[in-house]
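Take these sequences, add in the hints, and give me the full structure.
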Amino acid sequence: MKNEKLNQAYKAYVEARIPKTKPWPSLFNSFWVGGLICLLGQGVNELLLYLFPNMAEQSAWAWTLIVLIFLASFLTAIGVYDKIGKFAGGGSIVPITGFSNSITSPAIEFKHEGVVYGTCVKMFTIAGPVIVTGIVSSVIVGIIYYIVGLV
Amino acid sequence: MQTIELRNRPKIIGSYSIVGPKEGKGPFGKYFDYVMKDDRLGEKTYEQTECKMLELAITGAVQNAGLMISDINLLLAGDLLNQIISSSYAARAFNMPYLGLFGACSTMAESLAIGAILVNGEHFKNVACATGSHFSTAERQFRFPLELGCQRVPTSQWTVTGSGASIVSLDGNGPVISMVTFGKVIDLGINDVNNMGAAMAPAAADTLSSHFEDTKTKPEDYDLILTGDLGKLGSEILVDLMEAKGFKLGKNYSDCGHSYYTRNQDTMCGGSGCGASATVLNSYIVKKMKQRIFKKVLFLPTGALMSTTASQQGETIPGVCHAIVLEAEE
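Line by line, the protein sequences give chains A and B.
Here the first sequence is numbered in the working numbering, starting from 1 and rising by one per residue.
Here the second sequence is numbered in the working numbering, starting from 1001 and rising by one per residue.
None of these hints come from the bench; they were simulated from the model.
Warning: the hint list may mix true and false statements.
As the list claims (entries may be wrong) - To spell it out: a stretch of chain A is covered by chain B in this simulated footprint if at least three of its residues, at any positions, have a beta carbon under 8 angstroms from a beta carbon of chain B; those stretches are:
1) 35-48
2) 78-86
3) 89-95
4) 98-109
Said to hold, decoys possible - Here are the simulated PhoX-like pairs of lysine-lysine, each with C-alpha atoms no more than 25 angstroms apart in a straight line:
5) B:1025 / A:86
6) A:122 / B:1044
7) B:1025 / A:111
8) B:1216 / B:1030
Backbone N, C-alpha and C define an ideal beta-carbon position, used for all residues, glycine too.
Below is the structure:
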């Protein structure tokens, strides 16, 4: 028994009652934590170039990403990154550390289902859609780039 | 008529509640029979912990009733996990007939209602009714991995780690189950899985108003009207919905989930899960009724009957609500 009209009225009523998140404090925390993570990345990069003067800039960036990914995975494993995420929201989700957290956390969570069916299968449940979107959009951009080049 | 009167007056002669450490720090903390030191009980997985909690609750309730496991003739239990594994796996430990129930978070009332009817009809002498939930098993089944750094939305609720069990019988002492009202499945089109309170409130309103009409009673006739896990938002919606139906819920209305945690325990709209209503009923309510502080209680937990698959396919969330009337012994 579905009553569409009643449903719409109820949904509108619920929508009006839902407590709203305050955008400004969330944005502020997100901004400064996200900024701090970027600053950390820059710091690691500068340090690498300082310690290894012969290192090519490209490889220094690759090493910086590896260090950040490792740190985030480590913080996830010791149960710290979820607390940062709860406080900072997008600030700690958007940087590569968030990506690392989204792969490590299901890998830990599902280890009881075994290495193959647990960790390996579930590892990309959260990061998977992000990777797919990235690849698909890069293909589309590539095609547009090619067509624009022909004209 | 959705309401049945139980003339032989079946009673809750034994009850037991076991909760996790966070729940133990909440307002009901001192009423629970057993507060776990950690959320694992020495088990390897959280699913095994949830199962173990149910076993302990059932054993505890049987002891509380002054009975032996062999005196129990039937076990009615259910939980939130796929194929209700916690209940069925817990039932392995007991050598007794078992009926698995799924009423989501309404399972405590569903099991007590069915148990009371079976006892009232003298088909079974002693029936055990149990349910439970665990925060970490619910999170992984319905939401995200525990260590994922994301924020909870303001309408979300915190699944209670806890399990409760009752023994229903005609012989013995305890609150009487005088009436039961079975609820219809109601769906008003809410599809936000982070807003269960709003999805289930219409089911509670339907069962509650049917109960009042069937029994010709009013909200004031009860010392306490207690829903399960509507949470802050859901219970506010229920008050509004009931007002629209012409029933004014006053100070004698409360929700287990809404009052389950303190404000700084950071649970947004409050507690949820089968364990919320099961542990409050089998500790606080039963104890206060034995002291005759509450003489007549209407207990009506609600359940959201969705699955992750249905939700991902865009289905809305159906709700259900069953009610039982508890009366303190004369």
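Quick one: see if chain B covers the region 78-86 of chain A, three-plus residues with Cβ-Cβ under 8 angstroms. Since 7 is at least three, the answer is holds.
Within 8 angstroms of chain B (C-beta), three or more residues of the region 35-48 of chain A: violated (count 0)
Tell me if chain B covers the region 98-109 of chain A under the three-residue, 8 angstroms CB rule, please? holds (count 8)
Need the status of pair residue 1025 of chain B, residue 86 of chain A: alpha-carbon distance at most 25 angstroms? This hinted pair holds, its Cα atoms lying about 21 angstroms apart.
Measure nothing beyond the straight line between the CA atoms of residue 122 of chain A and residue 1044 of chain B; if it is 25 angstroms or shorter, mark the hint as holding. 19 angstroms, holds
Going straight from one Cα to the other, do residue 1025 of chain B and residue 111 of chain A come out at no more than 25 angstroms? 30 angstroms, violated
Against chain B, does the region 89-95 of chain A show at least 3 residues with beta-carbon separation below 8 angstroms? It holds, with 3 qualifying residues against the three required.
Is the straight-line distance between the alpha-carbon of residue 1216 of chain B and that of residue 1030 of chain B 25 angstroms or less? Roughly 36 angstroms between the alpha carbons, so the hint for residue 1216 of chain B and residue 1030 of chain B is violated.
Hint compliance for this structure: hints 1, 7 and 8 are not met, and every other hint is.
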